[in-house]
Amino acid sequence: MKRTAWWMAAVAGLLLGTAGAVNAADEVQVGVGANYWVMLDDIDVDEVDEEGFGYLVTLQLRNNMVGLGFDVEMMPERFGEDAYAGQAYIILGEGLYVAPGIGINNVDGDFAEEPFYNLRVGLNVEVVSGLYLDINANYRFNEITEIDEQVGEIDTDTIFLGAALRLQF
1024 MKRTAWWMAA VAGLLLGTAG AVNAADEVQV GVGANYWVML DDIDVDEVDE EGFGYLVTLQ
1084 LRNNMVGLGF DVEMMPERFG EDAYAGQAYI ILGEGLYVAP GIGINNVDGD FAEEPFYNLR
1144 VGLNVEVVSG LYLDINANYR FNEITEIDEQ VGEIDTDTIF LGAALRLQF
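Its first residue numbered 1024, the sequence shown is counted upward by one per residue in this note's numbering.
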(Lines of atoms letter the chains of each structure in order from A and count residues from 1; the text may use other names and numbers.)
(Lines give C-alpha, C1' and ligand atoms only; values in the text may rest on other atoms or scores of the structure.)
Protein backbone atom coordinates (compact mmCIF):
# COMPACT_ATOMS: atom_id res chain seq x y z
CA MET A 1 0.00 0.00 0.00
CA LYS A 2 2.81 2.39 0.91
CA ARG A 3 4.59 1.70 -2.39
CA THR A 4 1.38 2.29 -4.38
CA ALA A 5 0.83 5.63 -2.64
CA TRP A 6 4.44 6.62 -3.41
CA TRP A 7 4.00 5.79 -7.12
CA MET A 8 0.70 7.69 -7.28
CA ALA A 9 2.40 10.75 -5.76
CA ALA A 10 5.31 10.42 -8.22
CA VAL A 11 2.95 10.21 -11.20
CA ALA A 12 0.96 13.22 -9.97
CA GLY A 13 4.19 15.22 -9.59
CA LEU A 14 5.33 14.15 -13.06
CA LEU A 15 2.03 15.25 -14.60
CA LEU A 16 2.16 18.64 -12.87
CA GLY A 17 5.78 19.11 -13.92
CA THR A 18 4.93 18.14 -17.49
CA ALA A 19 2.13 20.71 -17.65
CA GLY A 20 4.59 23.43 -16.64
CA ALA A 21 7.24 22.15 -19.06
CA VAL A 22 4.78 22.19 -21.99
CA ASN A 23 4.20 25.91 -21.41
CA ALA A 24 7.97 26.57 -21.32
CA ALA A 25 8.95 24.34 -24.29
CA ASP A 26 9.92 25.85 -27.63
CA GLU A 27 8.87 22.64 -29.42
CA VAL A 28 6.24 20.07 -28.49
CA GLN A 29 6.30 16.82 -30.47
CA VAL A 30 3.65 14.09 -30.14
CA GLY A 31 3.67 10.77 -31.98
CA VAL A 32 3.63 7.00 -32.17
CA GLY A 33 6.33 4.42 -32.73
CA ALA A 34 7.41 0.82 -32.60
CA ASN A 35 10.49 -1.05 -31.51
CA TYR A 36 12.10 -4.46 -31.59
CA TRP A 37 13.65 -5.70 -28.35
CA VAL A 38 16.02 -8.54 -27.45
CA MET A 39 17.01 -9.65 -23.94
CA LEU A 40 20.76 -10.02 -23.58
CA ASP A 41 20.67 -13.18 -21.44
CA ASP A 42 18.96 -16.48 -22.19
CA ILE A 43 15.95 -17.02 -19.95
CA ASP A 44 14.85 -20.61 -19.47
CA VAL A 45 11.20 -19.84 -18.79
CA ASP A 46 8.56 -21.02 -21.26
CA GLU A 47 6.17 -18.10 -20.67
CA VAL A 48 8.82 -15.41 -21.17
CA ASP A 49 9.79 -14.30 -24.67
CA GLU A 50 13.40 -13.23 -25.14
CA GLU A 51 12.55 -10.94 -28.07
CA GLY A 52 9.55 -9.18 -29.52
CA PHE A 53 7.94 -5.99 -30.76
CA GLY A 54 6.57 -3.09 -28.76
CA TYR A 55 4.41 -0.08 -29.61
CA LEU A 56 4.50 3.33 -28.01
CA VAL A 57 2.97 6.76 -27.69
CA THR A 58 5.58 9.46 -27.28
CA LEU A 59 5.80 13.12 -26.21
CA GLN A 60 8.89 15.30 -26.40
CA LEU A 61 9.31 18.82 -25.04
CA ARG A 62 12.38 20.54 -26.48
CA ASN A 63 14.29 23.76 -25.89
CA ASN A 64 17.26 23.86 -28.27
CA MET A 65 19.81 21.31 -26.98
CA VAL A 66 17.88 20.11 -23.91
CA GLY A 67 14.49 18.48 -23.63
CA LEU A 68 12.22 16.05 -21.82
CA GLY A 69 10.76 12.89 -23.30
CA PHE A 70 7.85 10.77 -22.08
CA ASP A 71 6.82 7.41 -23.56
CA VAL A 72 4.14 4.88 -22.74
CA GLU A 73 5.03 1.57 -24.31
CA MET A 74 2.98 -1.61 -24.80
CA MET A 75 4.90 -4.88 -25.18
CA PRO A 76 2.72 -7.91 -25.96
CA GLU A 77 3.85 -11.02 -24.09
CA ARG A 78 6.93 -9.33 -22.57
CA PHE A 79 6.87 -11.37 -19.36
CA GLY A 80 4.30 -13.96 -20.37
CA GLU A 81 1.62 -11.23 -20.16
CA ASP A 82 1.09 -7.89 -21.89
CA ALA A 83 3.42 -5.36 -20.30
CA TYR A 84 3.22 -1.59 -20.23
CA ALA A 85 6.12 0.72 -19.43
CA GLY A 86 5.95 4.39 -18.56
CA GLN A 87 9.25 6.19 -19.18
CA ALA A 88 10.76 9.65 -18.72
CA TYR A 89 13.98 10.94 -20.31
CA ILE A 90 16.26 13.94 -20.24
CA ILE A 91 17.19 14.63 -23.89
CA LEU A 92 20.60 16.14 -24.63
CA GLY A 93 21.19 17.24 -28.23
CA GLU A 94 19.05 18.15 -31.24
CA GLY A 95 19.40 15.94 -34.34
CA LEU A 96 21.80 13.43 -32.80
CA TYR A 97 20.93 13.00 -29.13
CA VAL A 98 21.52 10.96 -26.01
CA ALA A 99 18.80 10.51 -23.39
CA PRO A 100 19.23 8.87 -19.99
CA GLY A 101 15.92 7.87 -18.46
CA ILE A 102 13.93 5.94 -15.91
CA GLY A 103 10.69 3.98 -16.11
CA ILE A 104 8.46 1.39 -14.50
CA ASN A 105 6.90 -1.80 -15.88
CA ASN A 106 3.30 -2.80 -15.33
CA VAL A 107 2.63 -6.47 -16.05
CA ASP A 108 -0.91 -7.82 -15.81
CA GLY A 109 -2.01 -4.80 -13.74
CA ASP A 110 0.86 -4.99 -11.22
CA PHE A 111 3.67 -2.44 -11.07
CA ALA A 112 7.24 -3.69 -10.73
CA GLU A 113 8.83 -3.27 -7.33
CA GLU A 114 11.83 -1.43 -8.78
CA PRO A 115 12.19 0.99 -11.72
CA PHE A 116 14.32 0.29 -14.77
CA TYR A 117 16.94 2.62 -16.17
CA ASN A 118 17.41 3.40 -19.84
CA LEU A 119 20.09 4.91 -22.01
CA ARG A 120 18.91 5.99 -25.45
CA VAL A 121 20.95 7.22 -28.41
CA GLY A 122 18.99 8.50 -31.37
CA LEU A 123 18.68 10.57 -34.48
CA ASN A 124 15.66 12.90 -34.66
CA VAL A 125 15.28 14.43 -38.14
CA GLU A 126 12.60 16.60 -39.70
CA VAL A 127 11.26 14.63 -42.71
CA VAL A 128 8.87 17.35 -43.89
CA SER A 129 7.83 20.55 -42.19
CA GLY A 130 6.56 19.65 -38.71
CA LEU A 131 6.97 15.84 -39.08
CA TYR A 132 9.94 14.22 -37.33
CA LEU A 133 11.40 10.72 -37.66
CA ASP A 134 13.23 9.46 -34.58
CA ILE A 135 15.42 6.36 -35.00
CA ASN A 136 16.95 5.16 -31.75
CA ALA A 137 18.77 2.40 -29.88
CA ASN A 138 18.17 1.79 -26.17
CA TYR A 139 19.86 -0.17 -23.43
CA ARG A 140 17.38 -0.88 -20.63
CA PHE A 141 18.48 -2.40 -17.34
CA ASN A 142 17.52 -2.79 -13.72
CA GLU A 143 19.06 -4.45 -10.71
CA ILE A 144 17.08 -7.70 -10.88
CA THR A 145 13.55 -8.54 -11.98
CA GLU A 146 11.34 -11.12 -10.33
CA ILE A 147 8.89 -12.55 -12.88
CA ASP A 148 6.89 -14.47 -10.31
CA GLU A 149 7.52 -16.42 -7.10
CA GLN A 150 8.05 -19.71 -8.96
CA VAL A 151 10.67 -18.36 -11.36
CA GLY A 152 12.55 -16.09 -8.99
CA GLU A 153 14.92 -13.33 -9.95
CA ILE A 154 16.43 -12.99 -13.44
CA ASP A 155 18.59 -10.51 -15.33
CA THR A 156 16.41 -8.67 -17.88
CA ASP A 157 18.93 -6.31 -19.51
CA THR A 158 17.47 -5.57 -22.94
CA ILE A 159 18.46 -3.84 -26.17
CA PHE A 160 15.72 -1.96 -28.08
CA LEU A 161 15.87 -0.69 -31.66
CA GLY A 162 13.04 1.70 -32.42
CA ALA A 163 11.51 4.35 -34.60
CA ALA A 164 8.82 6.95 -34.01
CA LEU A 165 7.01 9.58 -36.07
CA ARG A 166 6.13 12.79 -34.25
CA LEU A 167 4.19 15.89 -35.19
CA GLN A 168 5.49 19.19 -33.90
CA PHE A 169 3.06 21.69 -32.41
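One thing to keep in mind: the hints can contain errors.
[What the hints assert, rightly or not] Now the in silico label distances, taken between C-beta atoms and shown as ranges:
#1 F1134 - L1156: 30 to 38 Å
#2 E1117 - E1073: 28 to 36 Å
#3 G1132 - L1154: 33 to 41 Å
Rather than coming from a laboratory, the hints here were simulated on the basis of the structure. Ideal Cβ placement from N, Cα and C applies to all residues, glycine included.
Comparing the hints with the structure gives:
1. F1134 - L1156: 30 to 38 Å: Roughly 32 Å apart at Cβ, these two residues keep to the hinted range, so it holds.
2. E1117 - E1073: 28 to 36 Å: Because 35 Å falls inside the window, the suggested range holds.
3. G1132 - L1154: 33 to 41 Å: With Cβ atoms ~35 Å apart, the hint holds.
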